[in-house]
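Asks: Sequence:
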Amino acid sequence: MDLVQSKPVEGDAIFAVIREKLHPMMAKRGHPMIEETGSASWQYGAGYDKTLRRKTLFKLLNLPSAILFAIRVEFLNELPNLAALPWPHHIAVKPHRDVEFKGFEIKREDQDTGIARVERILKTLPNFGVEIRLKSDEAARDAEFDRLLGELG
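Here this note's numbering is used: position 79 in the sequence shown is 77, and no number is missing along the way.
Treat the hints with care, since some could be wrong.
Cβ-Cβ distance ranges computed for the label pairs, FRET-style [stated by the list, open to error]:
#1 Asp144 x Leu50: 19 to 29 Å
#2 Ala81 x Pro30: 16 to 26 Å
#3 Thr49 x Glu107: 13 to 23 Å
#4 Glu33 x Thr122: 23 to 33 Å
In case anyone wonders, no lab produced these hints; they're calculated from the structure.
Yeah, the Cβ is synthetic: ideal placement off N, Cα and C, and Gly gets one too.
Working from the sequences, and respecting the hints, build out all of it.
Replies: Structure, rendered in structure tokens:
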């Protein structure tokens, strides 16, 4: 297992694009996102036991050599089909060396392949029917409400 240190994401347009593509997929499954200096993390969320909800389940890391998507090993161990995969990376992120993650690189020049991998992984996980509504969804809903209200007179 490697101990890694992320680098700041501010100003990294490719990291931002990947994060913004992953976030709606995660929100649809109820995983809240926490933006950090060198990563984006998604927590277990409301569908899981109360003791897990605020723990990080997924991470998107901006490393000096790569962008890495990773899943908490503690969670993977509960899913034999995912745990059995030959994950290319086994890491812990400074300063939390006791929290292990397994993951893969999302290539800057081929983001779609990495994003498709995340999508396939998410499809194998339990779905609790909990969804986090993103602000863009609220804006569209509010606009439609205002349009219909305007038609009333």
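Asks: Now tell me if each hint is right for this structure.
Replies: For each hint, the structure was consulted:
At roughly 39 Å, the beta carbons of Asp144 and Leu50 sit outside the given window of 19 to 29 Å. Taken as a hint, the range 16 to 26 Å holds for the pair Ala81 and Pro30, whose Cβ atoms sit roughly 24 Å apart. The hint said 13 to 23 Å for the Cβ distance between Thr49 and Glu107, and at roughly 40 Å that hint is violated. Remark: the range hint 23 to 33 Å for Glu33 to Thr122 is upheld by a beta-carbon distance near 26 Å.
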